[in-house]
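Enquirer: Sequence:
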Amino acid sequence: MINNRLSRIELFAFSSRPSFMHHSEPYGCWYGVLKLTCGQQICYSDCVLCAGDHGVDLIKWGSFLKGICHCTIEEADDYVRLHGREWNADQLILLKTALDSMFISTGHIPMKSGDGADSYLNPATLITEAVSYYSLLS
Numbered sequence: 041m042i043n044n045r046l047s048r049i050e051l052f053a054f055s056s057r058p059s060f061m062h063h064s065e066p067y068g069c070w071y072g073v074l075k076l077t078c079g080q081q082i083c084y085s086d087c088v089l090c091a092g093d094h095g096v097d098l099i100k101w102g103s104f105l106k107g108i109c110h111c112t113i114e115e116a117d118d119y120v121r122l123h124g125r126e127w128n129a130d131q132l133i134l135l136k137t138a139l140d141s142m143f144i145s146t147g148h149i150p151m152k153s154g155d156g157a158d159s160y161l162n163p164a165t166l167i168t169e170a171v172s173y174y175s176l177l178s
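Just so we're aligned, residue 41 is where the sequence shown starts under the working numbering, counting upward by one.
Because the hints were derived from the structure by calculation, they are not lab data. Fair warning: there could be bad hints in the mix.
[Stated by the list, open to error] DSSO-like, lysine-lysine: derived pairs with alpha carbons at most 27 Å apart:
1) K100 - K75
2) K136 - K106
3) K75 - K106
4) K100 - K136
5) K136 - K75
[To be verified] Ranges of calculated distance between the beta carbons of each label pair, as one might list FRET restraints:
6) H123 - S47: 14 to 24 Å
7) G68 - E115: 34 to 44 Å
8) Q80 - A164: 28 to 38 Å
9) R121 - N162: 28 to 38 Å
10) K100 - G124: 17 to 27 Å
11) S175 - G95: 33 to 43 Å
12) D97 - A129: 31 to 41 Å
13) G92 - S47: 17 to 27 Å
14) S47 - H94: 13 to 23 Å
15) T168 - H123: 28 to 38 Å
16) H123 - S175: 32 to 42 Å
17) T112 - A91: 32 to 42 Å
We treat Cβ as the ideally placed atom computed from N, Cα and C, and that holds for glycine.
Working from the sequences, and respecting the hints, build out all of it.
Expert: Spelled out as structure tokens, the structure:
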């Protein structure tokens, strides 16, 4: 994993609670799912993007992810430690949960995963239910 770099960073937005979100997120919110790909490893995390009927500018909201483009997972984790205080809490938790899931799946560190979406998410559902999509790497 040390030599592998993030090959895809994808952010999906949903104008209502997606069918795969089974935990108690409130209705009337916009939801986001972050998908990170590094080598053969894929991980997900999710969060509330904003409340209310107004839309979310996914590119603006996800601009903090530009700093981890082409990073290794270790470099991305370092970037979070250095810059995480500059982001809102949902952005920090979204990225940190995805990175922690990546570390867990590669056996790098023994950590308990957060409430990431990877345990119940059908990737095809992301495309069919998302109303907005932002890809930083492809």
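Enquirer: Which hint numbers doesn't this structure obey?
Expert: Violated hints: 8, 11, 12, 13, 14 and 16; rest satisfied.
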